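Enquirer: Spelled out, the chains give:
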Amino acid sequence: MERIPILKMGPFLLVTIQVDMHDRLAMSLQDDLTQKIVEKKARGVMLDISALDMVDSFIARMIAHIATLGRLLDAHTVVVGMQPAVAITLVELGLNLTGVKTALDVDKGITWLQSQMALEGMDDEDLEGEGDDANREE
Amino acid sequence: MQIVKSETLPIRSESQVVDVRQSVRKLSVALKFSLTDQTKMVTAASEIARNTLIYGLGGDVVIEELEDFNRKGLRLIFIDQGPGISDLDLALTDGYTSGSGLGLGLSGSKRLVHDFEIFTKVGEGTRITLTRWK
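Line order of the protein sequences matches chains A and B. If you're matching positions, the first sequence starts at 0 in numbering that gives the first Met the number 0 and goes up one per residue. If you're matching positions, the second sequence starts at 0 in numbering that gives the first Met the number 0 and goes up one per residue.
Please keep in mind that the hints were generated in silico from the structure rather than gathered at the bench. Computed from a predicted model, the values in this text were never measured in an experiment. There could be a bad hint or two in this list.
[What the hints assert, rightly or not] Here are some, though not all, of the chain B residues that point toward chain A, as calculated from beta-carbon distances under 8 Å:
1. Leu8
2. Arg11
3. Ser14
4. Leu101
5. Gly107
[Unchecked claim] Here chain A is said to cover these stretches of chain B; the calculated rule only asks that three of the stretch's residues, wherever they fall, bring their Cβ under 8 Å from a Cβ of chain A:
6. 31-38
7. 41-49
8. 61-67
[Said to hold, decoys possible] Label-pair distances were calculated between CB atoms; the ranges are:
9. Lys107(A) with Ile2(B): 43 to 49 Å
10. Gln34(A) with Gln1(B): 49 to 55 Å
11. Gln115(A) with Phe118(B): 46 to 52 Å
12. Met8(A) with Leu87(B): 34 to 40 Å
13. Gln115(A) with Arg70(B): 23 to 29 Å
14. Asn95(A) with Gln21(B): 44 to 50 Å
15. Glu38(A) with Asn69(B): 57 to 63 Å
16. Gln80(B) with Asn95(A): 34 to 40 Å
17. Ile3(A) with Ser85(B): 53 to 59 Å
Just so it is clear, CB atoms sit at the ideal spot from N, CA and C, and this is done for glycine as well.
Using the sequences provided together with the hints, build the complete structure.
Expert: So this is what it looks like as structure tokens:
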């Protein structure tokens with residue numbers, strides 16, 4: 000079965016959905032992303048849906064789950080590139096995706112993710128030292 | 000009112016749900032629906048197709064191109080011989096789900112199309128008709 004590629008971009012993970020997903024693919028994306036967040040100690044996830052010309056309630060739920068999973072694993076999620084027709088349809092469907100941060104494009108998405116990390120008082124250099132703490136003698 | 004064109008697609012697997020979406024998109028484009036109207040139709044089709052697969056235990060969709068006094072329309076008839084819906088009013092309520100979904104498939108789709116018809120009988124099956132006009 001095909002898998003949606005997850006790219007590492009510094010402390011963030013970038014997922015660009017470019018295929019018409021069937022339900023099982025959406026579920027495996029959720030699982031893969033969760034695993035990768037932990038494996039790569041990611042601080043943020045950017046979900047690029049600019050190529051999606053349709054988001055139904057199943058996919059909307061996957062997006063909401065990814066945001067929640069990210070939060071549980073100390074990563075911020077931002078969804079970028081929602082097409083206007085998709086936004087209109089989601090509102091009509093009755094979905095508002097509360098709790099999911101959105102941004103217009105990848106640039107704005109990265110800016111927001113970086114600002115979230117800055118707010119937490121951590122930057123790239125701090126991340127290098129993280130793995131050492133467990134071995135430090137007290 | 001005339002049925003200009005008609006095709007039937009099976010909905011017995013997840014990938015066939017994707018096929019239905021793509022067919023509905025293609026036809027909406029051919030009928031020159033606006034981008035927003037196309038998206039609404041495709042999304043409604045996706046919701047009901049999924050219901051047909053998961054709750055109806057598999058079925059078919061009849062896709063019809065309609066012509067009525069110079070206006071063109073797209074009609075989708077989803078049919079299954081599944082368990083049927085025992086409480087239709089409840090099923091049509093926003094947020095109600097008998098499964099693990101968001102409960103917006105039926106009630107939401109109703110809002111995305113011009114005409115929505117549902118006929119169901121417990122133990123026999125369900126037929127849902129979605130129509131959008133240009």
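Enquirer: None of the hints should be skipped; say for each whether it holds.
Expert: Hint check results:
1. Leu8: violated (15 Å)
2. Arg11: violated (13 Å)
3. Ser14: This interface hint holds because 5 Å falls under the 8 Å limit.
4. Leu101: At about 5 Å, which falls below the 8 Å cut-off, the nearest Cβ of chain A leaves the hint on Leu101(B) intact, so it holds.
5. Gly107: Holds. Min distance 4 Å.
6. 31-38: Since 4 is at least three, the answer is holds.
7. 41-49: Answer holds; 5 residues pass the 8 Å Cβ test.
8. 61-67: violated (count 0)
9. Lys107(A) with Ile2(B): 43 to 49 Å: Check passed, 47 Å falls within 43 to 49 Å.
10. Gln34(A) with Gln1(B): 49 to 55 Å: Distance hint for Gln34(A), Gln1(B) holds at roughly 54 Å.
11. Gln115(A) with Phe118(B): 46 to 52 Å: holds (50 Å)
12. Met8(A) with Leu87(B): 34 to 40 Å: violated (48 Å)
13. Gln115(A) with Arg70(B): 23 to 29 Å: Violated: the Cβ-Cβ distance is about 50 Å, outside 23 to 29 Å.
14. Asn95(A) with Gln21(B): 44 to 50 Å: The hinted range 44 to 50 Å is violated for Asn95(A) and Gln21(B), with Cβ atoms some 27 Å apart.
15. Glu38(A) with Asn69(B): 57 to 63 Å: Since the Cβ atoms of Glu38(A) and Asn69(B) sit about 59 Å apart, the hinted range of 57 to 63 Å holds.
16. Gln80(B) with Asn95(A): 34 to 40 Å: Roughly 36 Å apart at Cβ, these two residues keep to the hinted range, so it holds.
17. Ile3(A) with Ser85(B): 53 to 59 Å: violated (38 Å)
Consistency with the previously given hints fails for numbers 1, 2, 8, 12, 13, 14 and 17, ordered from lowest to highest.
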